[in-house]
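*Asks:* Protein sequences, first through last, are from chains A and B. Be aware that the first sequence starts at 98, since it is given in my numbering, and climbs by one per residue. Be aware that the second sequence starts at 98, since it is given in my numbering, and climbs by one per residue.
The hints are simulated quantities; they were obtained by calculation from the structure and are not laboratory data. These figures come from a predicted structure and were not determined experimentally. Where hints are given, some of them may not hold.
One copy or two, either will do: identical chains are not told apart, so a pair holds if it fits within one copy or between any two.
[As the list claims (entries may be wrong)] Mimicking DSS-like on lysine-lysine, the simulated pairs with C-alpha atoms at most 25 Å apart in a straight line are: (1) 163 <-> 388; (2) 197 <-> 148; (3) 388 <-> 293; (4) 163 <-> 148; (5) 293 <-> 139; (6) 381 <-> 148; (7) 190 <-> 318; (8) 388 <-> 318; (9) 394 <-> 230; (10) 293 <-> 197; (11) 139 <-> 381; (12) 227 <-> 190; (13) 293 <-> 190; (14) 318 <-> 202; (15) 392 <-> 178; (16) 318 <-> 392; (17) 388 <-> 190.
As a plain string of letters, each chain reads:
2 protein chains.
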Amino acid sequence: MMHQLAAGIDIGGTNTRFGLVDKNGKIHFKDSLLTTDFPDPKDLVNAVSEKILSFSNPKQQTTNFKLLGVGIGAPNGNYLKGTIEFAPNLKWKGIIPLAKHFNEKLNVPALLTNDAKAAALGEMQFGGAKGMKDFIFITLGTGLGSGILANGELIYGHDGFAGELGHTIIIQHGRQCGCGRKGCLEQYCSATGIVKTYFDILKSENPHATDELDTSIINAKYIYEQALSGNEAAFYAFNYTGELLGYALANSVTYTSPEAIFLSGGLAQAGELIFNPTILSFEKNLLPIYKHKNKIKILPSSLQEDDAAILGAASLIWQNPKP
Amino acid sequence: MMHQLAAGIDIGGTNTRFGLVDKNGKIHFKDSLLTTDFPDPKDLVNAVSEKILSFSNPKQQTTNFKLLGVGIGAPNGNYLKGTIEFAPNLKWKGIIPLAKHFNEKLNVPALLTNDAKAAALGEMQFGGAKGMKDFIFITLGTGLGSGILANGELIYGHDGFAGELGHTIIIQHGRQCGCGRKGCLEQYCSATGIVKTYFDILKSENPHATDELDTSIINAKYIYEQALSGNEAAFYAFNYTGELLGYALANSVTYTSPEAIFLSGGLAQAGELIFNPTILSFEKNLLPIYKHKNKIKILPSSLQEDDAAILGAASLIWQNPKP
Chain A
98 MMHQLAAGID IGGTNTRFGL VDKNGKIHFK DSLLTTDFPD PKDLVNAVSE
148 KILSFSNPKQ QTTNFKLLGV GIGAPNGNYL KGTIEFAPNL KWKGIIPLAK
198 HFNEKLNVPA LLTNDAKAAA LGEMQFGGAK GMKDFIFITL GTGLGSGILA
248 NGELIYGHDG FAGELGHTII IQHGRQCGCG RKGCLEQYCS ATGIVKTYFD
298 ILKSENPHAT DELDTSIINA KYIYEQALSG NEAAFYAFNY TGELLGYALA
348 NSVTYTSPEA IFLSGGLAQA GELIFNPTIL SFEKNLLPIY KHKNKIKILP
398 SSLQEDDAAI LGAASLIWQN PKP
Chain B
98 MMHQLAAGID IGGTNTRFGL VDKNGKIHFK DSLLTTDFPD PKDLVNAVSE
148 KILSFSNPKQ QTTNFKLLGV GIGAPNGNYL KGTIEFAPNL KWKGIIPLAK
198 HFNEKLNVPA LLTNDAKAAA LGEMQFGGAK GMKDFIFITL GTGLGSGILA
248 NGELIYGHDG FAGELGHTII IQHGRQCGCG RKGCLEQYCS ATGIVKTYFD
298 ILKSENPHAT DELDTSIINA KYIYEQALSG NEAAFYAFNY TGELLGYALA
348 NSVTYTSPEA IFLSGGLAQA GELIFNPTIL SFEKNLLPIY KHKNKIKILP
398 SSLQEDDAAI LGAASLIWQN PKP
C-alpha cells in the first residue's frame with residue numbers, strides 16, 4: 098500500500114525534529130538532528146531530506162510512500178515568504194529562504210510558518226480544536242507565542258507577522274523586553290517571566306534574599322516544585338502570572354471572540370497551579386457579553402508536548418493537501 | 098434598464114437611514130425615518146420596506162429595479178443570528194430578529210451586523226480599503242466601535258461578537274465603563290472619553306474649574322473648537338486621547354498585523370489634532386518587526402460620514418451578491 102505522508106519539521110535553536118505524518122495525525126517515523134551542527138542551513142536541509150527519503154518501515158510494510166509536501170515550523174518564520182527572518186535564537190543570520198531550499202531539494206510543496214502558528218494548526222487538525230473555527234493558541238515557553246484562528250483560517254496579517262501576543266504591552270513602563278519596549282506580556286507570562294516574578298517576590302520580602310541563592314538553578318520547573326512543596330513565594334508567583342495572563346486573554350477575546358483558548362508549552366504543564374488563577378482572572382476581566390451561553394473555554398493543548406511541533410508543521414500540508 | 102440594487106439600512110438610536118446602492122457604491126435613493134416613532138420594530142420594517150418598494154427615480158429612468166437584498170447595520174447587531182441583542186441605545190428590549198422581519202416582508206436575503214462592522218465592509222467595498230485583505234476599522238463616536246478584517250473576511254468570532262476593541266482594558270482600575278468594568282478604551286478614546294479627559298485636565302489645574310461652567314455645552318466639537326482657538330487644555334485633551342489611542346492600536350497590530358487602520362466617526366473629523374498624536378504614539382509603541390518595509394498606515398475613512406453607514410450596510414449584500 099502506498100502511504101500518503103507529509104513531513105513535519107520543527108526547527109529549534111538546539112534541535113531540529115522531524116517526522117512523517119499521515120492524514121490522521123499518526124507519526125510514521127521521527128528523528129532529530131542538532132541544528133547547531135549545520136552552520137549552513139542548506140546542509141541541514143540536505144541532511145533532513147536524506148533521512149526522510151531513506152525512511153522505510155519494514156514493520157508497517159511502508160517501504161514506499163508518496164511525500165505530499167514539507168511543512169516547517171521555525172522561530173521568526175514568515176509564512177507568506179517561506180523564510181526565517183532574523184531569528185535571535187538561531188545561528189543563521191538574516192533572512193533564510195528555508196521553504197525554497199526544501200522545495201528545490203525534494204521537489205514537493207514546502208510551507209513554513211512560525212512555531213506557535215504551526216502548533217495552532219496542529220491543534221485544529223489533530224487535537225482539541227478539531228471542528229473549531231475561532232480559537233487562540235498560546236505557547237508558554239521561553240517566550241509567549243501565539244496563533245490566532247478566525248473563520249477557520251490562521252491569521253497571518255499583511256506581512257505574515259500577525260499573532261505576536263507575547264509583545265502586547267500589558268504593563269505600561271513595565272519590565273524591559275528583548276524587543277526594546279517595556280511591559281510586554283511575555284516578560285510576565287512565560288517560563289522566563291515567572292522566574293523574574295519569583296525573584297521580585299523574594300526581594301520584596303528581603304532585598305538580599307537572592308544574594309545567597311544559586312539563581313542558575315531557578316527555572317519554571319524549580320518554582321513549580323517549590324510551589325507544590327508549600328513554598329508561598331513560588332505559589333504566589335504562579336498566581337501573579339495567571340492573574341496577568343487571564344487579564345491579557347480577556348482583552349484578546351475582544352478581538353476575535355474565540356470559542357476556546359489553548360495553553361501549551363512548559364509553563365502550561367504546571368496544570369492547576371497556572372490554569373486556576375488564569376481562569377479566575379479571565380472570568381473577572383471578561384466583557385459581560387462574552388459570559389452568556391457560549392462560555393469561552395481555557396484548555397490545555399491535547400497534543401503530546403513532544404509531538405505537537407512535528408504534527409503542527411505537517412498540518413501546514415494537511416490543511417491543503419495537493420495529492 | 099433594470100438596475101440591480103442592494104438596500105442599506107442604518108439603524109440608530111434616533112434615526113433610521115436607508116438607501117439603495119448599486120455595485121459601484123452609488124446611492125440611487127436615500128431617506129430616513131425616526132427610529133423612536135416605532136415602538137414595535139415590525140412597524141419600522143414595514144415603513145422602511147414601503148419606502149424602498151415605492152422608489153422610482155424619473156430622472157434616471159429607474160422606474161424598475163431588482164432588489165438583491167437588504168443589509169442592516171445596527172448597534173449590538175449579531176451577524177450570525179441576524180438579531181439586535183440588548184441594545185442599550187434602542188427602545189426595543191431583548192432580542193429583535195430584524196433580519197428575519199425584513200426577509201419576510203421583502204422576500205429577499207437580509208443580513209445584519211453591528212454598525213462598525215458594516216462600516217468596515219463599506220470601506221473595503223467602496224472606500225480606501227479596496228483591495229486590502231487585512232485592516233482594522235475604528236469608529237470614534239459616542240463609544241469606540243471596530244471591525245477587523247483578516248484574510249479578506251470580517252472576523253465575527255464564534256458568537257458574532259468579535260471586534261469589541263472599545264472594551265479592551267487599556268488602564269487597569271481606570272475610568273468606570275458602562276459595561277461594568279474599569280479602564281475600557283472607549284472611556285478614553287471616543288467623543289465621550291475626550292470630554293471626560295478635558296474635565297480631568299481642567300480640574301487638575303483648578304479643582305473648582307468646572308463649577309461655573311455650563312458643562313452641558315461641552316462636547317467633542319466644543320473641545321475641538323477650543324483647541325483650534327488656542328486653548329491649551331483642549332489641545333492637551335486631544336494629545337492625551339491620541340497617545341492612548343496610538344498605544345492601543347500598536348497593541349492591536351500584534352493580533353492581526355493589518356495593512357492599515359482606518360479612523361472614522363465624529364472624533365476622527367478633528368483631523369491632525371487627533372491623527373498627529375495618535376500616529377506619534379502608535380509608532381513609539383509599535384513592535385520593531387512591524388516598522389520594516391511595509392509601514393502600517395493610520396488613515397481617515399474615505400467615505401462621506403453621512404453615507405458610510407448606508408454604504409456599509411449595503412455592502413453586506415454586495416460582498417456576496419446572489420442575483
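*Asks:* If a hint holds in the structure, say so; if it does not, say that too.
*Replies:* Structure-based check of each hint:
1. 163 <-> 388: neither (47 Å within a copy, 42 Å between copies)
2. 197 <-> 148: within (18 Å within a copy, 59 Å between copies)
3. 388 <-> 293: neither (33 Å within a copy, 29 Å between copies)
4. 163 <-> 148: within (15 Å within a copy, 63 Å between copies)
5. 293 <-> 139: neither (38 Å within a copy, 59 Å between copies)
6. 381 <-> 148: neither (51 Å within a copy, 47 Å between copies)
7. 190 <-> 318: neither (31 Å within a copy, 52 Å between copies)
8. 388 <-> 318: Answer is neither: 33 Å inside a copy and 36 Å across each miss the 25 Å cutoff.
9. 394 <-> 230: within (14 Å within a copy, 29 Å between copies)
10. 293 <-> 197: Neither, since 40 Å and 55 Å both go past 25 Å.
11. 139 <-> 381: neither (50 Å within a copy, 38 Å between copies)
12. 227 <-> 190: neither (37 Å within a copy, 37 Å between copies)
13. 293 <-> 190: For residue 293 and residue 190, the Cα distance exceeds 25 Å both inside one copy (29 Å) and across copies (50 Å).
14. 318 <-> 202: neither (40 Å within a copy, 63 Å between copies)
15. 392 <-> 178: between (37 Å within a copy, 17 Å between copies)
16. 318 <-> 392: Neither, since 31 Å and 40 Å both go past 25 Å.
17. 388 <-> 190: between (46 Å within a copy, 19 Å between copies)
The structure does not agree with the numbered hints 1, 3, 5, 6, 7, 8, 10, 11, 12, 13, 14 and 16 stated previously, though it agrees with the rest.
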